[in-house]
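Assemble the whole structure, with the sequences as input and the hints as a guide.
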Amino acid sequence: MIRTEELLLNVGPQHPSTHGVLRVVVKLDGEIITHVEPVIGYLHRGTEKLAESLNYTQIIPYTDRMDYLSAMTNNYVLCYAVEKMMGIEVPERAEFLRLIVMELQRIASHLVWWGTYLLDIGALSPFLFAFNDRERILQLFNELCGARLTYNYMRVGGVKWDAPEGWIDKVKAFVKDMKSRLDEYHNLVSGNEIFLARVKGIGAYDAETAIQYGLSGANLRCTGVKWDLRKNEPYCIYDRFDFDIPVGQNGDCYDRYYVRTEEIRQSLRILEQALEQFPPEGETMGKVPRAIRPPAGEVYVRIESPRGEIGCYIVSKGKAEPYRLKFRRPSFVNLQILPKLLVGESMTNLVTILGGIDIVLGEVDC
Amino acid sequence: MSEEQKQNGAGPAEGETKAEAAPEGAKAQVPPAKTEGAPQSGEAPQAPPQPAEAPQQPAAPQPGVEPKQTSGAAPQPAAETQTAAGASQPAAQQPAAAEKRPLTDEEKEARRQAALAARAAKLAAQGGAAAGAAAGAAAGGRAAARGAAAAGGEGSEEPPKPSPNQPKLDRAVQLLKELVAEDAVEEASLNPFNDDMPTLVIRGEHWPKAAETLRDHPEFGFRYLRNVAGVDHETHMEVVYHLLNMDSGDTYCVKVRTNRDNPSVPSVVSVWKTADWQEREIYDLLGIAFPGHPDLRRIMLPDDWVGHPLRKDYVPLDPEV
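Respectively, the protein sequence lines represent chains A and G.
Everything in the first sequence is counted per our numbering, starting at 1 for the first residue and increasing by one.
Everything in the second sequence is counted per our numbering, starting at 1 for the first residue and increasing by one.
Because the hints were derived from the structure by calculation, they are not lab data.
Among these hints, one or two may not hold up.
Now the in silico label distances, taken between C-beta atoms and shown as ranges [said to hold, decoys possible]:
#1 A/Gly191 - G/Glu205: 54 to 64 Å
#2 A/Asp239 - G/Val306: 48 to 58 Å
#3 A/Leu28 - G/Tyr314: 37 to 47 Å
#4 A/His15 - G/Lys161: 51 to 61 Å
#5 A/Ser180 - G/Val315: 52 to 62 Å
Small disclaimer: the values here were computed from a predicted structure and weren't measured.
Where is the CB? At the ideal position from N, CA and C, for every residue including glycine.
Structural data, given as structure tokens:
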């Protein structure tokens, strides 16, 4: 008679397919997962505590390090919260620059996801393609603000640096190239039978579940819920541009893949319009008091980051430092659904499903 | 409500003041300014002016139209300024206010000047000493500064307009009172910084039922819990929930307060699953217990960590030092 026993397996915290320092403790019955326990906190730096002794401008670089694949949106959410409390007007040109970098960031972030996700599943070359194109975006950012990942670009009331001469044209050229590149990507991967076999119908959930778990971003839209904060609760100047919200139907890994790749296309659409309307001159900083002290009160703002709804809740007591600063991090909230999706799946699908959620551990742990 | 006020605010707080939403007419207006969070303790002298204000209130009972203007977490003082001025109240409180201001205002000089500017603006605009008095009396210089901010923000002559969210708030309070409990809602206000987001403070013991009502009742339909945050206000702790109705686009803020010594707020994991990790995070970093949570453990910090870092009195324990 064959003796069987449960196998306890630690995936991570140092494991390439966990995209950071996530540890997943799984119990296996043969190849079938019977229990999952994500263990997080390895990258917890206490950003929210640190922020309580820093002024708002000093906090901006800390936000870069939360979701380091999407530092621009993190910058924005903090500045937006403070601007909202203080009633600061942001000049037109600064708003355009913000929107352009945020959409470029979304593309860069989705490209990293696209490349590494396929790498997880076993396709090596898409990773090289994606990183090649992402590199161009990083170069653009580097030219704009002197950093490749942690930009510290935005300020309360505007942006730190104006676009250098010729920068807008370079972005235009990138957008043009990227459109055809995206078609190439689809040709390369999206119809591939092996790929489809790995993602179709895997890790599926319905809209009700997604809402129960508070999922946002592509994880929510893959179930058919048309909810994108750029449209539903417009911020910045998103209400001026035409774009669609791609949604899936089945809520499986393929639909998440589809939604993210389509979002790249929509971002390119937004960029085309924004670059066309970009004001040729103007201020990049609004009228900001020398000391940034939001009046006593509180505010919760939220924007659409590449990973979902990133929120910033500030409680101010009228000081230069926040009394309490809380970030609603989409990766943290989205990751909660992992045990539900994994139980009953085979071990091979762990990587597929985990990758499909698209987490960044710097943001999960904050 | 006024009892709660006394317990909770304990008078001497200099922290943010909160607008009352006038859910039930004049009664709601009696507490002049809900005080929460008293970071500085040497401010007991501020207590007297607050009761002194109470008689002022009935003079201008405008439950529905209570102005929720721009001025931040302290719309109350500004509101009072205007209501009192409108009713041309005698400046009975003026001396007291004038004396109090230097006492309470331990803030920066600029703030004080803003207060003066506010008073001047009010006086000029409404020609009544009462306005200045009310502004001063409301909550010391801080409040006056707030008033100045409001006045500067949208022009001091503009009459306060009731927010379009006011009926929603009134209706929410009414429904919760009917469906949950008469005393379920401690406070209700609109958050002027947040596009007049309706903000409700719900009593802890009624919170699970209120949460279910908020999710399931067709007039609320808050099936999506956006965010859960814990705040240590030093006098008390607070758990803040932001709820979203995806069909109507409404976002409400709901708060549940708890004491600081033995903080505990009923868990709502059974209502919104997304609360699971967010409650664990609050438990970990602030030490608020969530009875009813299926698996309340630390999530960010190691299990043997001592203390809760986001508490204001947290002292790091390092055994090697």
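Item checked: Range hint compliance [Cβ, A/Ser180 to G/Val315, 52 to 62 Å] -> Holds, since A/Ser180 and G/Val315 (Cβ atoms, about 59 Å apart) stay within the stated range.
Check: Within 51 to 61 Å or not, the Cβ separation of A/His15 and G/Lys161?
Finding: holds, 57 Å
Next item on the list: Starting from the range 37 to 47 Å, see whether the pair A/Leu28 and G/Tyr314 falls in it by beta-carbon distance.
Entry: holds, 40 Å
Check: In this structure, is the beta-carbon distance linking A/Asp239 and G/Val306 contained in 48 to 58 Å?
Finding: With a Cβ separation near 49 Å, A/Asp239 and G/Val306 satisfy 48 to 58 Å, so the hint holds.
Note to self: If I claimed the Cβ atoms of A/Gly191 and G/Glu205 lie 54 to 64 Å apart, would that claim hold in this structure?
What the structure shows: Holds, at about 58 Å.
This entry satisfies every hint, going by the numbered hints stated previously.
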